[in-house]
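> Residue-level listing of the chains:
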Amino acid sequence: MDDRDRVLTRIRGSLGRTEAPSREAARADLSARIDDTPPRPQWEATRVERFTERLEAAAGSWAGVADREAVPSMIAAWLGEAGEQPLGMAPHPLLTGLDWSPLTTPQTDLDNARHWHTAITVGYAGIAETGSIVLPSGPSRPTTPNFLPDRHIVVLSIGDIVDYMESVWDRLLADGPLPRTVNVITGPSRTADVEQTLQLGAHGPRQLHVLLLQD
Amino acid sequence: MAVSEADFRARARKALDDDNLQAALAQAKGGFVDKRADAILDLPAFEQLRERGRQIKDHTLEYLDTYLDEFEQNLNSAGGQLHYAADAESAREAVLRICREAHARQIIKAKTMAGEEVGLNEALEAEFETVESDLGEYIIQLAKEPPSHIIAPAVHKTRGEITELFDTHHHGRSGGPLRETPDLVNEARGVLREKFLGADIGISGANFLVADTGTITLVTNEGNADLSTSLPRVHIAIAGVEKLVPSMQEASSMLRLLARSATGQQITAYTTFITGARREDELDGPEELHVVLIDNGRSRMLGNDYREMLRCIRCGACMNHCPVYSAIGGHAYGWVYPGPMGAVLTPMFRGLDKSSDLPQACTLNGRCQTVCPVKIRLPHLIRQLRDDAFEQQITPATTRWGIRGWAWLARRPRLYTAVTGLAQRLMSRLGRGSVRRAPLAGAWTAGRDLPLPGRGGTFQQQWQARQRSGQDG
Amino acid sequence: MTDAASPTPRVGLFVTCLVDFFRPRVGFASVRLLESAGCDVEVPAGQTCCGQPAYNTGDLSDTRDIARRVIEAFAGYDYLVAPSGSCVGQIRQYPTLFDEGSEWRRRADELAGRSYEIMAFINDVLGITPPEQGFTGRVTYHDSCSGLRQLGIREQPRRLLGGNAGLEMVEMDERDTCCGFGGTFCVKYPDISTRMVDQKAESIERTGAETLLGGDLGCLMNIAGRMHRRGQPVKVRHAVEVLAGMADEPAIGEEEQ
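Heads up: the protein sequence lines correspond to chains F, Y and R, in order. The opening residue of the first sequence carries number 181 in the working numbering; numbering runs sequentially from there. The opening residue of the second sequence carries number 1169 in the working numbering; numbering runs sequentially from there. The opening residue of the third sequence carries number 3 in the working numbering; numbering runs sequentially from there.
Simulated from the structure, these hints should not be mistaken for lab results. Beta carbons: idealized from backbone N, C-alpha and C, even for Gly. It cannot be assumed that every hint is accurate.
The calculated lysine-lysine pairs, modelled on BS3-like cross-linking and capped at a C-alpha distance of 27 Å, are [said to hold, decoys possible]: (1) 1182(Y) x 1312(Y); (2) 190(R) x 1182(Y); (3) 1543(Y) x 1182(Y); (4) 1203(Y) x 1522(Y); (5) 1312(Y) x 1522(Y); (6) 1522(Y) x 190(R).
Computed footprint of chain Y on chain R, listed as stretches where at least three residues anywhere in the stretch have a Cβ under 8 Å from a Cβ of chain Y [to be verified]: (7) 196-208; (8) 220-229.
Computed beta-carbon distance windows for the label pairs [as the list claims (entries may be wrong)]: (9) 1271(Y) x 249(F): 28 to 36 Å; (10) 1195(Y) x 77(R): 31 to 39 Å; (11) 74(R) x 378(F): 57 to 65 Å; (12) 1271(Y) x 291(F): 17 to 25 Å; (13) 257(R) x 1350(Y): 55 to 63 Å; (14) 1580(Y) x 193(F): 55 to 63 Å; (15) 1213(Y) x 283(F): 45 to 53 Å; (16) 167(R) x 1213(Y): 37 to 45 Å; (17) 167(R) x 1346(Y): 34 to 42 Å; (18) 257(R) x 1213(Y): 48 to 56 Å; (19) 47(R) x 1590(Y): 48 to 56 Å.
Input sequences plus hints: build the corresponding full structure.
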């Protein structure tokens, strides 16, 4: 008997059976136990206001941007002098199709990502409840730029902000199995491991800046 | 780490005398409690959420075999591989085998309590360069110490001690000036960045495993789990079989409970959902994903009176609110799970005879239960372990016979009144008010004066006298 | 109420072993308080202890025997009332000692349903605020963990004590934290217990209160003993002493005049 059989046999033994019940039986028991709507935070502000308020509370920053053509100049302004540092971006059509003339066109070769000072990515969704950015992995959304650079800029369409995390799963699962990784990011990296003192920029980005794109 | 549950009292004494530790504990205590209290203000229905958490976990445990099958199928179709481990040795072997087959040289680890539980680090360090990436874990790895808290492993270390460790290990010097927190964090960032980039294998735990998508959920604030699981070629996640939840919907509810209960956040900075290995059209991500699911005593708990302990989501709220933990810290508990959760889990995993002090060293004050996000009746389970210890004669004979003798007396009211009356008479004559020392009361008077009874007799004696003389109370 | 129609509730006072031995005046204060609230109070013979030391040591068979005695002794009373949240918490656990469906289980359930901590009884069941007793001074209150968490007693004592206009209540920090008594815990792990009660003594000191009140003698003796050792001049009393107008006698651990 290998470990798989041994463990599953023990588990079934402890549950008093020799075969696992069907998924349908399990789901029926679950829906008898819990309501469809989970207890969640509620708010009076608009969805976007809640999103920006929570993002700021998590030490993230944001700016509104009227249209996508304005993204490079907004980034140049935000970067200021630091804009001279290596700049990278996800190979997302929204970004690769832009005229980056105020800056040098950001790199997309991930082999260089470790040297990027700033990375620009495109959010799949925002979560108003927590002020989070959702970045599912895929050809136009590699994972590395979300974590390696010092600064992370995310372009997010206002229309992609949802109230709660559950809506993100509904949207993603409607397109098939989940992507390899879904990063839900709320503010910059932080640690409190030295004397419980909060310090930003532990291993991931020190700054998270969101450009909220009007639709 | 060496298992030394037996020396609880000595370790507790040492902890109480350790000024650095006491300073660190005092600093940590209020922070965790206040942050949690603040975080639940945004969610007035938190009590209903706790009940939901309890139901989700109870349900999943009741159908654990169903969900394990489902998880395995979905993990496989996403390109991941599942490995079961019946015990700690088998878990270590499974991980080592994967590392060897991948021709690993360097391993980067994100924090995993399941890994601590099975002693993974020693096994890995014997063969591979293995580095912890969670800052707290990294600090205690340098110090060659086990974690003292499940979410803040280095909570017992002061800034001075961390300065000394970093100076020694990074610069080969000692006795330098005390360094500031940003400086220390930055230095660790630089050192560990190279480790992330150079590692062949990343090892993580899992906060939840989602059955109907085959997904691993990881939460961190540092981003270390993300770097550990996206840069190396191979990702190995190790987790207990009880980490399953049915779907992403339930995972979302559980995450609301976890972040608030653990660090007092509404959500951690990085909440990551990993489903399988790198896809064909992707530019990055690990080529292999392995999930090692450990039993190590869990299947036994599923069938005994301690099943509800398997609801535990390892948030640490019980220890943050435990007055015993905040007096002695985590190391005194002698194994990887400290505080109230450890008082139940250590006897379950290591044997009650090897950890007999843990369920006793609790005042049953019940505060842990009120903050547990999945409503585990920790005081009930701890007290139940005392039943087991009494029954199995693990409780010391002096205690057992002392209690039996006292109970024998308590069942004989007339004799009880006579004996207590006499004892009270003797005691009231030891002094007036309070005494610093009294026969048979050494444990009490070690730290306290003993308030003496007055000289008028016990209540029963006085009451009976009044009844006889027809006096009114 | 088991017998709402009864004009005079018949109360069996469960004295508790600690009150019986260390501080009988808490028993007399309880009698006075209950009588002035319109109860007919008796002290049933045959009571000794609630069995908690055995229960919390894991000695279930002896606990069961003691529980049967308490159940017998308090049969026929409208209520069992005790000046202790801890003992009432234990009595409410009695049903778990007996098999479901058994006669003893039924009787244990029945007793549990009419057992009350004294201040919760006066406030919640009788709905009475005891008359002003003229107590004056700065007071802080220790919530015993069993009263607080097993029985939900927090506001009741404060409401009742509020009847004394000259009593100034100052809450201590970390008031939800255990004092380190824990029954046999304090003598099994004296080092840890001492540290815990030390922190409690410091919280009390920060309030500047002259008097510490509480509802459980075990905690109060623990805290009084530690404060006495520290030389901290705070008077410690059971709250019923104040409510019954008997707070003029020596406090816990104080010399008799």
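> Each hint should be assessed against the structure and marked as holding or not.
Verification of the supplied hints:
1. A distance of roughly 18 Å separates the Cα atoms of residue 1182(Y) and residue 1312(Y); the hinted pair therefore holds under the 27 Å criterion.
2. Annotation: proposed proximity of residue 190(R) to residue 1182(Y) holds, straight-line Cα distance about 17 Å (limit 27 Å).
3. The straight-line distance between the Cα atoms of residue 1543(Y) and residue 1182(Y) is roughly 32 Å, outside the 27 Å bound, and the hint therefore fails.
4. Among the hinted pairs, residue 1203(Y) with residue 1522(Y) is inconsistent with the structure: their alpha-carbon atoms are about 35 Å apart, more than 27 Å.
5. Taken as a hint, the residue 1312(Y) and residue 1522(Y) pair is honoured in the structure, with Cα atoms around 23 Å apart against an allowance of 27 Å.
6. Straight-line distance between C-alpha atoms of residue 1522(Y) and residue 190(R) comes to about 18 Å, which keeps the hinted pair within the 27 Å bound.
7. With 6 residues having a Cβ less than 8 Å from any Cβ of chain Y, the stretch 196-208 of chain R passes the three-residue criterion, so the hint holds.
8. Counting residues of the stretch 220-229 of chain R whose beta-carbon sits less than 8 Å from any beta-carbon of chain Y gives 5, enough to reach three: the coverage restraint holds.
9. Against the hinted window of 28 to 36 Å, the Cβ-Cβ separation of residue 1271(Y) and residue 249(F) comes to about 49 Å, which falls outside the hint.
10. The hint said 31 to 39 Å for the Cβ distance between residue 1195(Y) and residue 77(R), and at roughly 54 Å that hint is violated.
11. Restraint check, residue 74(R) to residue 378(F): a C-beta distance of roughly 60 Å satisfies the suggested window 57 to 65 Å.
12. A beta carbon spacing of about 22 Å between residue 1271(Y) and residue 291(F) agrees with the range 17 to 25 Å that was offered as a hint.
13. Checking the proposed 55 to 63 Å range against residue 257(R) and residue 1350(Y) shows it holds: the Cβ atoms sit about 57 Å from each other.
14. Distance hint check: the CB atoms of residue 1580(Y) and residue 193(F) are about 46 Å apart, inconsistent with the given range 55 to 63 Å.
15. Distance hint check: the CB atoms of residue 1213(Y) and residue 283(F) are about 47 Å apart, consistent with the given range 45 to 53 Å.
16. The beta-carbon spacing between residue 167(R) and residue 1213(Y), approximately 39 Å, falls within the hinted interval of 37 to 45 Å.
17. The hinted window of 34 to 42 Å between residue 167(R) and residue 1346(Y) is violated, with their beta carbons roughly 54 Å apart.
18. For the hinted restraint 48 to 56 Å between residue 257(R) and residue 1213(Y), the CB-CB distance of approximately 54 Å keeps it satisfied.
19. Take residue 47(R) and residue 1590(Y): their Cβ atoms lie about 19 Å apart, and the range 48 to 56 Å is violated.
When held up to the earlier numbered hints, the structure conflicts with 3, 4, 9, 10, 14, 17, 19 and fits the remainder.
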